[in-house]
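2 protein chains.
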Amino acid sequence: MMICKFCQKKAIIRLPYARLSLCQVHFNEFMVKKVLKSIKRYKMISKGDRILVAVSGGKDSTTLLHILSLLSSTLNIELYGIYIDLGLGEYSEKSKQKVKELFKLLNIEHVIVDLKESLGFKVPELSKLSKRPTCSVCGLIKRYVLNVIALNLKANSIATGHTMDDMIAYILKEFILGNYGQLVKLKPKLEAIAGLMPARIKPLVEVSERESLVYALVNNLPIYHGECPYRPQESIEVEIKSFFNMLETRHPGIKIQFLRKFFKGEAVNLKDVTLGEIKKCSICGMPSSTDVCALCKLIYRIEGSYNRILEFLDKINSIELLR
Amino acid sequence: MMICKFCQKKAIIRLPYARLSLCQVHFNEFMVKKVLKSIKRYKMISKGDRILVAVSGGKDSTTLLHILSLLSSTLNIELYGIYIDLGLGEYSEKSKQKVKELFKLLNIEHVIVDLKESLGFKVPELSKLSKRPTCSVCGLIKRYVLNVIALNLKANSIATGHTMDDMIAYILKEFILGNYGQLVKLKPKLEAIAGLMPARIKPLVEVSERESLVYALVNNLPIYHGECPYRPQESIEVEIKSFFNMLETRHPGIKIQFLRKFFKGEAVNLKDVTLGEIKKCSICGMPSSTDVCALCKLIYRIEGSYNRILEFLDKINSIELLR
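These protein sequence lines map, in sequence, to chains A and B.
Note that our numbering numbers the first sequence so that position 153 is 158, with each residue one more than the last.
Note that our numbering numbers the second sequence so that position 126 is 131, with each residue one more than the last.
Chain A on its own, in the form it takes in the complex (with noise of 0.2 Å):
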């Protein structure tokens, strides 16, 4: 029997790369500790931070939101919480159940943006009518929401349930295909733009997603397990996932060596390569690296007018907070 380093009670879970076991009382220390150590690692949170965290029924964002409450007075930190309904059948459905309970079981405050309900729009249809690939329409809508809801709340920053594992197959997917330049965005935390973006943080980034899934299973968390339908099967992330994990097998502790090598930005000409400048579309007043931003142009083009952003903007910032 596999026995916790610090109790020899049955351990739950074997850390290689840290060469540990750990039951389930220790492994939650462990992973709360963790993501504490991250977030003083990488500066990521400071005292009275109001934190908006996106929510979206999946293990990791779930992992996340319970460690921040658990972390929350100690850290001194304000949380919300969001989940955004994109319009996805069953898949979204399902999920935003489980988003709801967690939200109840952890007492957390919380908006729930339904875009079929404020912007007349399914993610599908808005693909569809704007010929644009789900996944970066999908990507854009979620970008825009968690902005305007952050700025309503006067939120500092914006917490995402993005793991070890996904920076990985970011940073390589970018290595490999020669975006040197989107090498930049993928660090712990992004520092806000004032007045017009707030900052993003990444708690997780030293969690893998086992851990990830564990912490969720063994503390009886409420997630959905199924995919987003559009998920494409097939993907150079997942082809890098699953070569990491296998060179992890093989060489415990690779993924955080590499990791924490690479956010010391020395790889690359991070210093060299800014984000660009950042201003407010003259649209809807959101930040944009063009005069008109993205979501603004993705309206137009299906309508032929602007209105339609401006009533959206209205209906989500009026949208009550729950508890």
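Among these hints, one or two may not hold up.
Note that the list lumps identical chains together, so a pair holds whenever it fits in one copy or between two copies.
[To be verified] Straight-line C-alpha distance at most 25 Å; calculated DMTMM-like pairs for lysine to aspartate or glutamate:
#	residue 1	residue 2
1	127	90
2	48	171
3	266	239
It is worth saying that the hints were derived from the structure and are not from the lab.
For this one, chain A is given, so just place chain B on it according to the hints.
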């Protein structure tokens, strides 16, 4: 039946990244043109160059020498071959026989350096006595001997059979391990340092291992299929190579796109990182980044004196050039 794109004869190879199936004649033509294009793209060779080609008996360096000999009048270059007998038992014996056949077949002036005869030690003996890993000692010896012989023959450059797959594996390995400084050295041509070091060129930088193997086979070139007995069974390079072969199957062309973008030098701080000052070793006069070069240090560690190095230099400098 798969037919050749250019002559409708039976094709012997399918190249998905180039959307081509080719017969033997047109595959040979394709390979020679491809190497010529790489040489021009990366400005590896100038008219009148004297090039020392390092040959091991394996598929890659054999294919390299064959193609360079076909291109020698077009490029107006003089070719010299070198084989280094590292004393790796049957592996060295059998590969030496193949290389001798190749030099004869192509009528190449060449040098054969026997390490045991000239230095008094085989690579495994040096490794054991110095307590340094075999592959690291072997790499050191090869670089040293190639340099001495190239300077002696007044060669402008040393050509090695590194393929696209080798380069990708080295680049990804150093990127993953965070050895960003090493990335500067990974390019198709490393410039010469006058009087100290000839240039180093890799004309097969856009040729895959599969292409180089098929080329050697269809042209009945003498190659030895055995593997070095000291080659590690598992290594991160091997793991990266199989990962990229899988990626290439699913995304044809991804390998060459990755390398071309990487070689543009925008990925990493290539300009900021320099190779460090290269000076003459105070003992043997060969290039070194420190006052005493790595081989002199190694021999001193074993023998407590540098005498053997000077004898070694005398011996290999007087090895006759064979035809």
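Outcome of the hint check:
Proximity of residue 127 to residue 90 under the C-alpha cut-off of 25 Å is restricted to the intra-copy arrangement: shortest distance 9 Å within a copy versus 69 Å between copies. Proximity of residue 48 and residue 171 under a CA criterion of 25 Å is satisfied intra-copy only: 20 Å inside one chain copy versus 39 Å between copies. In this assembly of identical chains, the alpha carbons of residue 266 and residue 239 lie at most 25 Å apart only when taken from different copies (24 Å versus 28 Å within one copy).
When each numbered hint is compared with the structure, no violation occurs for any of them.
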